[in-house]
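*Asks:* As a plain string of letters, each chain reads:
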Amino acid sequence: MNDNTSKVRNIGISAHIDSGKTTLTERILFYTKRIHAIHDVKGKDGIGATMDSMELEKERGITIASAATFCEWLDHEINIIDTPGHVDFTIEVERSLRVLDGAVLVLCSVGGVQSQSITVDQQMKRYKVPCLAFINKCDRSGANPDRVIKQLKEKLGHNAVSLQLPIGLEADFKGVIDLLSMRAVYFDGKNGEIIRTEDIPDNLKDEAARKREELIDTASMFSDELTEAILEEKKISESLIIEALRNGALSRKITPVLLGSAYKNKGVQPLLDAVTRLLPCPSDIENEALDMDNEETPVILTADHGQPLVALAFKLEEGQYGQLTYIRVYQGTLAKGDTIINVRTGRKVKVGRVVRMHANQMEEIESIPGGYIGALFGIDCASGDTFVSPGISYTMTSMYVPKPVISLAIAPKDSKSETNISKALNRFTKEDPTFKTYVSEETGDTIISGMGELHLEVYIERMRREYNADVSAGKPKVAYRETITRKAEFNYTHKKQTGGAGQYGRIAGYMEPAEDDFIFDNQVRGGSIPTQYISACEKGFRNCLAKGPKMEFPVTGVKIVINDGASHAVDSSEMAFQAAARGAFLEGYPKAKPTIHEPIMKVVVETPTEFQGSVMGSLNQRRGIIFGTQDEGPICVIEAQIPLAEMFGYSTVLRSLTQGKAQFTMEFATYKQIPQSVAEELEKKIAEDKKSLQKR
Amino acid sequence: MFEKGLILNHPLGRLIENESGEEIMPQGGFGAILARAGVGKTAILIQIAIHSLLCDNNVLHISLNDPVKKVGLWYKEVYRNIAFQHSITDQDLVFDSILPHRFIMTFEVEGFSVPKLEERLTDLMEQNIFRPHMILIDGLPFDESQKASLSDLKFFAKKHSLKIWFTVRIHRDEIPVTDVIPSLFDDVEDLFETAILIQPEGKEIYLKVLKGGKTDSGMTRLSLDPTTMLINQNGWIKSA
Numbered sequence: 001m002n003d004n005t006s007k008v009r010n011i012g013i014s015a016h017i018d019s020g021k022t023t024l025t026e027r028i029l030f031y032t033k034r035i036h037a038i039h040d041v042k043g044k045d046g047i048g049a050t051m052d053s054m055e056l057e058k059e060r061g062i063t064i065a066s067a068a069t070f071c072e073w074l075d076h077e078i079n080i081i082d083t084p085g086h087v088d089f090t091i092e093v094e095r096s097l098r099v100l101d102g103a104v105l106v107l108c109s110v111g112g113v114q115s116q117s118i119t120v121d122q123q124m125k126r127y128k129v130p131c132l133a134f135i136n137k138c139d140r141s142g143a144n145p146d147r148v149i150k151q152l153k154e155k156l157g158h159n160a161v162s163l164q165l166p167i168g169l170e171a172d173f174k175g176v177i178d179l180l181s182m183r184a185v186y187f188d189g190k191n192g193e194i195i196r197t198e199d200i201p202d203n204l205k206d207e208a209a210r211k212r213e214e215l216i217d218t219a220s221m222f223s224d225e226l227t228e229a230i231l232e233e234k235k236i237s238e239s240l241i242i243e244a245l246r247n248g249a250l251s252r253k254i255t256p257v258l259l260g261s262a263y264k265n266k267g268v269q270p271l272l273d274a275v276t277r278l279l280p281c282p283s284d285i286e287n288e289a290l291d292m293d294n295e296e297t298p299v300i301l302t303a304d305h306g307q308p309l310v311a312l313a314f315k316l317e318e319g320q321y322g323q324l325t326y327i328r329v330y331q332g333t334l335a336k337g338d339t340i341i342n343v344r345t346g347r348k349v350k351v352g353r354v355v356r357m358h359a360n361q362m363e364e365i366e367s368i369p370g371g372y373i374g375a376l377f378g379i380d381c382a383s384g385d386t387f388v389s390p391g392i393s394y395t396m397t398s399m400y401v402p403k404p405v406i407s408l409a410i411a412p413k414d415s416k417s418e419t420n421i422s423k424a425l426n427r428f429t430k431e432d433p434t435f436k437t438y439v440s441e442e443t444g445d446t447i448i449s450g451m452g453e454l455h456l457e458v459y460i461e462r463m464r465r466e467y468n469a470d471v472s473a474g475k476p477k478v479a480y481r482e483t484i485t486r487k488a489e490f491n492y493t494h495k496k497q498t499g500g501a502g503q504y505g506r507i508a509g510y511m512e513p514a515e516d517d518f519i520f521d522n523q524v525r526g527g528s529i530p531t532q533y534i535s536a537c538e539k540g541f542r543n544c545l546a547k548g549p550k551m552e553f554p555v556t557g558v559k560i561v562i563n564d565g566a567s568h569a570v571d572s573s574e575m576a577f578q579a580a581a582r583g584a585f586l587e588g589y590p591k592a593k594p595t596i597h598e599p600i601m602k603v604v605v606e607t608p609t610e611f612q613g614s615v616m617g618s619l620n621q622r623r624g625i626i627f628g629t630q631d632e633g634p635i636c637v638i639e640a641q642i643p644l645a646e647m648f649g650y651s652t653v654l655r656s657l658t659q660g661k662a663q664f665t666m667e668f669a670t671y672k673q674i675p676q677s678v679a680e681e682l683e684k685k686i687a688e689d690k691k692s693l694q695k696r
Numbered sequence: 697m698f699e700k701g702l703i704l705n706h707p708l709g710r711l712i713e714n715e716s717g718e719e720i721m722p723q724g725g726f727g728a729i730l731a732r733a734g735v736g737k738t739a740i741l742i743q744i745a746i747h748s749l750l751c752d753n754n755v756l757h758i759s760l761n762d763p764v765k766k767v768g769l770w771y772k773e774v775y776r777n778i779a780f781q782h783s784i785t786d787q788d789l790v791f792d793s794i795l796p797h798r799f800i801m802t803f804e805v806e807g808f809s810v811p812k813l814e815e816r817l818t819d820l821m822e823q824n825i826f827r828p829h830m831i832l833i834d835g836l837p838f839d840e841s842q843k844a845s846l847s848d849l850k851f852f853a854k855k856h857s858l859k860i861w862f863t864v865r866i867h868r869d870e871i872p873v874t875d876v877i878p879s880l881f882d883d884v885e886d887l888f889e890t891a892i893l894i895q896p897e898g899k900e901i902y903l904k905v906l907k908g909g910k911t912d913s914g915m916t917r918l919s920l921d922p923t924t925m926l927i928n929q930n931g932w933i934k935s936a
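Which chain is which? The protein sequence lines are W and S, in order.
Numbering follows the working numbering, in which position 226 of the first sequence is assigned residue number 226; successive positions increment by one, without gaps.
Numbering follows the working numbering, in which position 62 of the second sequence is assigned residue number 758; successive positions increment by one, without gaps.
I should point out that these hints are in silico values taken from the structure, not numbers from a laboratory.
Where hints are given, some of them may not hold.
[Unchecked claim] Covered, in the sense of this in silico footprint (three residues per stretch, anywhere, with C-beta under 8 Å from a C-beta of chain W), are these stretches of chain S:
| # | stretch |
| --- | --- |
| 1 | 731-745 |
| 2 | 761-768 |
| 3 | 809-820 |
[Unchecked claim] Partial chain W-side listing against chain S, Cβ under 7 Å, derived:
| # | residue |
| --- | --- |
| 4 | Glu288 |
| 5 | Gly613 |
| 6 | Ile625 |
| 7 | Gln630 |
| 8 | Ile635 |
No residue lacks a Cβ here, since even glycine has one placed at the ideal position from N, Cα and C.
Take these sequences, add in the hints, and give me the full structure.
*Replies:* Rendered as structure tokens:
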């Protein structure tokens, strides 16, 4: 590996689904001689693109897990993370952006700025990732790069500036005019590998001159030297423009735009040139860690190889040789045989095999220097763990992990699948922090939750394919609660003194609403209930909470105060007082006006403004309260509180309402009483469910 | 509701209402809260909003400075102080009851325009999501260029029978020594039925009615608690 990080680029390729990222990556690997043949994404030749390594990806023609790979171009080492384009896999995109120094935003010249481009752009903004835009598919019917550049400016607010001009479009797309060198560039040979430069065709000369003026004008904002050269009417060199563009791109104030058609092997090599010339190297980016020994004070990391190691595990994959951990080294060097510490667990780990990944193939290396991305074998860790040299305790700023928005109950179809499901869930939750699983205490179902219906569907499918586990998925049940709304007294005697050992216990007191889930207050004086039975009383009341008398939902927010009672010298026992407590609870509960509460979710929808009205309508129909709307230029953010029960299937509704251009997040906000009409409906449904269970 | 009654008894009511409890500002009327930066315009605006919300009016709060979350926190904070001032026991219940009557919209200053507001409001009203009685606009810059858009807004307010309150930031040098409308506000003053100035004097802060407000006989100023920016319960004092 090259020790000079100024010639290293860690880049991601992000875009909307079907914009052609995987095809683009495939061509990059071909031109950089990492692969020697080109395969299509949808794999008519049965091989599939190199970056789509999972069976499912090849079949559906989508990228699910981002595969990391590297290549070399013009003396530069480029580490590439190919990221999924579908909105349901955003954690993959987020993870990539967290460890990357720059990105290429791929846009379709027909589709333009689509919903996922907006999401990805927001993520890039969050992690301050400088980017280039590549307008792909210029050979397609309806291709209009000018419109896409306009959308980049208007929809995403980028200061987009084109570095090229297309020579022909759609079926006539022949090549590009490089506005820096003012030469026409054509891509010859079977796979476009031979680059031929010529004079600009006469019919495009004027337009090229005008566009170059625009380019220089925009770039001059980022270089005094360039401004001076313009004012003094000196000859403007290519390097001067590049320097200005790089300054602008690194500060995210300019987005250089390139054009091409990866599928037709046009425009990929100039994009690689731009990556090396305009995107940052690791030392251009300031990375911060938190010092755990010093109240999490931020520490600036340097890519200096002599410094103690700080590295982040950003992706895990279970391969045939065990767990593969993708890692980015921010400081120091990670070498084979080193002992490193997992900051989260405090455990020492000995580094075994160190590899450099190339999609699903790998190359053994000795070490990963600071600024590089590589992978380790045989390290037990979770995604997002930080590894350091002994002696320091730094942690990388925690990754932003979006909260799961949808859950499903799953069940194995046979006993063999049961074991395999748990293996699969164990692996998936380790790999993907947005995928969660738990067993519902109330229903006993295994619940999986994630970022969208497709996200969960893919995992269910993966369980079947990779773990041979057949799973049936159902609708999850909302976790309703029961609570009381007023004070009610009880005075109950449990008496069973006919034949055999007798049972006797009397408990008196009251119940009232409380802030906490359950409060037990013993105010019995004078030993009317002997001290040894008080805990049995509490246990008796506590046991009643699991299934409320009203609709069998868990009871919360109850304070029980006992202040009197009676016992029998022979017949009283712990069991008798537990039974008395149960009786007292059942006596007092109906008088305390019990109600049903439901979980209310805070829902935030981000939508292009043109869909604001229909999105608000859809939220309003779901018994929601819309708190407000936030206009952020082309995007509008709507905040609302909506009962969870009304949110199932919302991702599909939102997608169809907004042509897939909106997205939403949902998190638990509070429990609130359900309206009477809904309670009645619920009561009916529960009664029906019970009936059908009894019939079985 | 008992608690609501307590809050409605607040002196602020007497500032914007007549003796029979009706709001002085007519439908389609404009009101302004004037102060220099950082004196507490938003706090007063939110007190007006909460007062109106407790009267079961729908209030649309438009902020050109803060995100929805921050505006929501403002309401919580101001309400909490009011509830504390009136020793209200069931604070959350009352607050929860007013929330469905409030809608917050935030815009970037340069992105705000009357046609855009009208478009957004039509979306809300046509789908029966929200129909405001009062609009509060916080953070609109006041200069000569705003005259036309304020005239449009006046037309809009009359058309929809709305009352609109604005915060108006005045320059430190513009603070009137007498009860005179600051010159910055001169150009658009004719559009406004009510104007109230927040005036700090040493450690004290007062609300002074510059135009249109109804005050108790001879009393033209209300004193504010500088820590909470709430109007003091017996806050009327004679004009300085």
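*Asks:* Each hint: holds or not?
*Replies:* So, going through the hints one by one against the coordinates:
no. : hint    : result
1   : 731-745 : violated (count 0)
2   : 761-768 : holds (count 5)
3   : 809-820 : holds (count 4)
4   : Glu288  : violated (25 Å)
5   : Gly613  : holds (4 Å)
6   : Ile625  : holds (5 Å)
7   : Gln630  : holds (5 Å)
8   : Ile635  : violated (11 Å)
Hints 1, 4, 8 from the earlier list are contradicted by this structure; the remaining hints agree with it.
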